[in-house]
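Those sequence lines, one after another, are chains Z and G. Residue numbers for the first sequence follow this note's numbering, beginning at 117 and rising by one. Residue numbers for the second sequence follow this note's numbering, beginning at 117 and rising by one.
Derived from the structure by calculation, the hints contain no laboratory data. A few of these clues could be false.
Any copy, or any two copies together, can satisfy a pair, since identical chains are not distinguished.
[Stated by the list, open to error] Listed next, the in silico DSSO-like pairs over lysine-lysine satisfying Cα-Cα at most 30 Å (straight line):
#1 147 with 496
#2 147 with 279
#3 470 with 147
#4 279 with 496
#5 470 with 279
#6 470 with 243
#7 496 with 470
Number of protein chains: 2
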Amino acid sequence: MGQERYTVVEGGSVTTPKGFKAGGLHCGLKKTDRNDLAAILCEVPATAAAVYTTNLFQAAPLQVTRESLADGRLRAVVVNSGNANACTGEQGEADAYEMRSAAARHLGVAERDVAVASTGVIGELLKMDCVRSGLAQLPEKLDGGAAGAEQFSQAILTTDLVKKECCVRLTVGGEAVTIAGAAKGSGMIHPNMATMLGFVTTDAAVAGEDLLALLRAATDTTFNMITVDGDTSTNDMLIALASGLAGREPLTRQHPDWAAFVEAFTHVCRHLAMAIARDGEGAAHLIEVRVSGAADRDAARAIAKTIVGSSLVKSAVFGADANWGRIIAAAGRAGVPMSTDRVDIALGGIEVLKGSRPVAFDEAAALAYLQGDTVEITVKLADGEGEATAWGCDLTYDYVRINAAYRT
Amino acid sequence: MGQERYTVVEGGSVTTPKGFKAGGLHCGLKKTDRNDLAAILCEVPATAAAVYTTNLFQAAPLQVTRESLADGRLRAVVVNSGNANACTGEQGEADAYEMRSAAARHLGVAERDVAVASTGVIGELLKMDCVRSGLAQLPEKLDGGAAGAEQFSQAILTTDLVKKECCVRLTVGGEAVTIAGAAKGSGMIHPNMATMLGFVTTDAAVAGEDLLALLRAATDTTFNMITVDGDTSTNDMLIALASGLAGREPLTRQHPDWAAFVEAFTHVCRHLAMAIARDGEGAAHLIEVRVSGAADRDAARAIAKTIVGSSLVKSAVFGADANWGRIIAAAGRAGVPMSTDRVDIALGGIEVLKGSRPVAFDEAAALAYLQGDTVEITVKLADGEGEATAWGCDLTYDYVRINAAYRT
């Protein structure tokens, strides 16, 4: 990432940027006593933008959130885990709307300023009695400190092992601006969990169209470049809120600090995306695939995602097997042209293929490297300037165990 | 398949059609003592056609076979297992050509009438001393009976658990015509095994262009509709040989019995393809996904292949979990349009989703059904007449064990 023009705020969270409160509680949607209902509240109308799953079967909350975001502003986001409210028909839509209206009433904001997100089981109706009583207690749980953010980050998790947060700070027009995010990853131990939810807060004063363009661009190189099992969920949603309470200057694409803001914003998205891949179902390794020299960026993206999504590559990483044959075979089926006689492949710093010819490498060193926490696969082509990086995780016995587990 | 105009020949094999001999032996390419070198020989120049992997990284034997097939005729096919001769550079090409010339010399046929196929490890050079001595002994191993075919079918296997053969007979112009096939499936217990090789023999007198068109069409609905792990190999090849020794009439697309021949030929391909899916790595179940009512045939194919290839659907089948949410989520990411509110899903005869709404079903009955050997997933859409069927297998602990196994 070169010379960063931002700094990471250790321990920072979605409430670190000025103007945001957050909190969560257990209302009964999860069988355990873990938090399953949460909200982020902005003390002023925040400029807001969102991106949604491309799955044709979209859960009811996405429709409600689209409606609230029509004017590009939000005051609050309310989230439940334990139930995706997907494939639930008209009742599911009614429940999502009631979730929005009840949250608005208890938080004292307008309905159209509330976004709704859900993650959990597909095809089951929300226990609205739990949601109603939970929403009534939620306002008193919100605070602008680390405690509220902690409760929020815990509440959005499903079978994730760890909470996923990130916070960075940079200077815009001579004033400090903060960007933070929280996300939940892919846990599917209970069938049909939604895959990914992400929430980014900032106190920068960003125009709505610029925020949306930035969110889309950042998603394209971060959240859209991870895969755990290739299954796109019905509930994926990433929402960004900008309170504008830091800095007097509106931050636009013409602002001299815009590029720095883009870097910082993208860092938050990348950190969360990589955290999701690392915490993928049953994952023992984070896999990072870096492709360069592809015909163009789209070709590089296709190759990187095909390799990181290959069950054979994922299994080989689990087995600590320096198995370049599977890597090149995956590249060859990515559906994009490449010079097949000029491919270099390295695992970490260990070159295993040069000019599409096997390189004699130190198997012991490769084994040691592959047994580490993170495995970097570098693929260099000779077709152009296209570059892309994708992240995933290995395919393990635990993945099968988790996803073969009977629902009851 | 409705009323068949052909009959299955129990115990039939690639030597059942008139004019074909086959055989195999162990020459030392496999670490075990199992057969690893084999050939099919036709006593007359056979009309021949082939289809090849779409992977950009194609093994050397494919190039050699393309060359031999330029004139649409073959006398022999020589195959080795244990080494794919892929990503082996100029030496690999030279080895494939020598394998062809040595086979031609020992079999007493012209080089350009010999096709070469390999399956095994990627990136390692063939042990040509083994190949040479094996080819010298191969001619005496060939016979036109069941024994030779048995040796051939065993020799092409890698980690397949069972040999894969099929033979059918029909009447063309009042005379009996036989079609038979043998195939090897996806075994990857040793990293980088090639995925699929198929050989079809018939004594029908089919013109070359008609045979190729038929082979392509049959492949499209059979071998191209199976997936074990979504990884397309570098060595896939399907070769058809027609000796023309049965029946006086040349069989063309205009022949009144052409449709029956197409049905019979497709039956052989479908049987072999399904056998490969059923014998997929670690497979405990054969999964058949039938999609109907799609916008068109391509849409139906995309949806069927996406569902049967979904790691979550495959894991659910392994877990005997009637997990329709994963099926509909996979359909929703297939990249083709559909009416999302009019989807019916059934597992065997058990309806689980109707009009995109959950159906209360007997979980015990579903569990019992899913614990059976074959799982049929039926998806009915309301967008058109498009239909397609795809086959695959479940994702099991054994799949991970097999593919995580270290190479040495």
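Going through the hints against the structure:
In this assembly of identical chains, the alpha carbons of residue 147 and residue 496 never lie at most 30 Å apart, being 48 Å within a copy and 34 Å across copies at closest. In this assembly of identical chains, the alpha carbons of residue 147 and residue 279 lie at most 30 Å apart only when taken from the same copy (19 Å versus 48 Å across copies). Only between protomers do residue 470 and residue 147 lie at most 30 Å apart by alpha-carbon distance; the minimum there is 28 Å, versus 53 Å within a single protomer. For a Cα distance limit of 30 Å, the shortest separation of residue 279 from residue 496 qualifies neither inside one copy, at 34 Å, nor across copies, at 40 Å.
In this assembly of identical chains, the alpha carbons of residue 470 and residue 279 never lie at most 30 Å apart, being 40 Å within a copy and 37 Å across copies at closest. In this homomeric assembly, residue 470 and residue 243 come within 30 Å of each other (Cα to Cα) only across copies, at 23 Å, whereas the closest approach inside a single copy is 58 Å. Taking the shortest Cα distances, residue 496 and residue 470 sit within 30 Å of each other inside one copy (9 Å), while across copies they are farther apart (49 Å).
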